[in-house]
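Given the sequences, and given the hints that come with them, work out the whole structure.
Chains as they are written, first to last, in the numbering used here: chain A, 1 to 266; chain B, 1 to 266.
Among the clues, some could well be false.
Put simply, identical chains are the same to the list, so a pair is met inside one copy or across any two.
Result set (DMTMM-like, lysine to aspartate or glutamate): computed pairs, CA atoms no more than 20 Å apart in a straight line [claimed, not checked]: (1) Lys-57 / Glu-27; (2) Lys-64 / Glu-129; (3) Lys-64 / Asp-106; (4) Lys-100 / Asp-185; (5) Lys-252 / Glu-27.
If you are wondering where the hints come from, they were derived from the structure by calculation, not from laboratory data.
Spelled out from the first residue to the last, the chains are:
There are 2 protein chains.
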Amino acid sequence: MAGTDSTRDLQRRPGPAVVLVEPQLGENIGAAARAMANFGLWDLRLVNPRDGWPNEKAVANASKADHVIDAVRVFGSLEAAIADLSLVFATTARPRDMFKPVFGPDEAANRLTAHVMAGQGAGLLFGRERWGLNNEEVALSDAIVTLPVEPAFASLNIAQAVLVLAYEWRRASGAAELPFSGNMDEPAPKADLVGLFEHLETELDDAGFFNPPDKRPVMVNNLRSMLSRGQFNLQEVRTLRGVIAALTRRHKRANPSRAQPDRRKK
Amino acid sequence: MAGTDSTRDLQRRPGPAVVLVEPQLGENIGAAARAMANFGLWDLRLVNPRDGWPNEKAVANASKADHVIDAVRVFGSLEAAIADLSLVFATTARPRDMFKPVFGPDEAANRLTAHVMAGQGAGLLFGRERWGLNNEEVALSDAIVTLPVEPAFASLNIAQAVLVLAYEWRRASGAAELPFSGNMDEPAPKADLVGLFEHLETELDDAGFFNPPDKRPVMVNNLRSMLSRGQFNLQEVRTLRGVIAALTRRHKRANPSRAQPDRRKK
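In structure tokens, the structure reads:
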């Protein structure tokens, strides 16, 4: 992974090609390129882009995804664009009157992964802004991919559809490690936790918190359960003990001559 | 689900609230609303939107997601916006120096689902366009969500981040049925397939295809394997038999007096 470096070091890991069929707007081509770059795809192919190629708006909207824009290939037909691919999925929101399997993005990504990991070429087709892919283009594909959208609000633009599929690709292909993790130190051992509990309970006894006394066992158990749930690490246990000490120091400074446990509930 | 009807019939299924903290651009608010509507979320809350509310650009960019825009609530602080929620995740691309669990979108969606299905309020925070969420806002949250982006191309805009999380919510919450299925008739029984095979093999025998004859068994097996793989349904088997018949009729019309099997390889 490139990290902070330039595109020179960018690994082009095997992945499906993204094929835009007769895209109309350069902005959408650029946004698609950017969505691809976000999730590690880089092979962008255009079939008869309306405004030709290169396209300034595409470059502008690609943000920093130059490596995708620079590698764009333009074809005069879909057949030519997918000639070297042996698994092609057509993304569409409309059902078609033909016998074609239909997958959601997750299942599609799993199948693409198996294919690509076996060293074979795969591709995802996306259609025109206005009316998507035509039936001949879908017929050329091995299966349909459709997104599980709310039927009343089904419209996604090209870049959004690319984004969701690219995200699922990344997940399925095992590259979905997060950029950073929780950095959670391990929880403190029970010895330290019990130290915290006893510290707190001693101070609470002193403050007359457990009132009436026969309720003490239940209240102590509830407190201990509450303080266990956070799985505090050692630093956090020490912090809490410091909090307790600070609060009780303050209380004790304000009431230096307290010899009897205070019956007031804290 | 609403299908073709107006928003009046739209089911507002329980789901996480989406909280945008100090969003700057109306276009982004609108696009976020639209992304929510695509995947069945509807509870959008804004904390101190820069340009106030209502916002024309937000309405314009929400496309038809009026039901989300109309239900937007505006708050003066994050604390107020999440007051009724008991599980809040902060979406951020930057690691923080605090002990906070970090989840990917899929794990986050699973946890949100469990929480919401138990009847409790949950929310997803998204930060400002320029610099996301600050540490105080992350500290108020139960966990961080981050997307598994390519580190060199990590920038996603707000609506894109909302889209991926809304998609994962839909998947995790069991609402991810696809708008349509493959409508694949079941494969034809073997009797019909064998009928096809024998039809084809008879014609191929007649055409002298199996040459030399001792290779016939292997070639027949390969053909049968090839023709089995497509799991043709009855209609497709009939179509293929019609294709074979049409081709051989043509051939026979052109060569009516063929009494001997033709040794030419077809």
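message = Tell me the numbers of any earlier hints that the structure contravenes, in ascending order.
response = 3, 5
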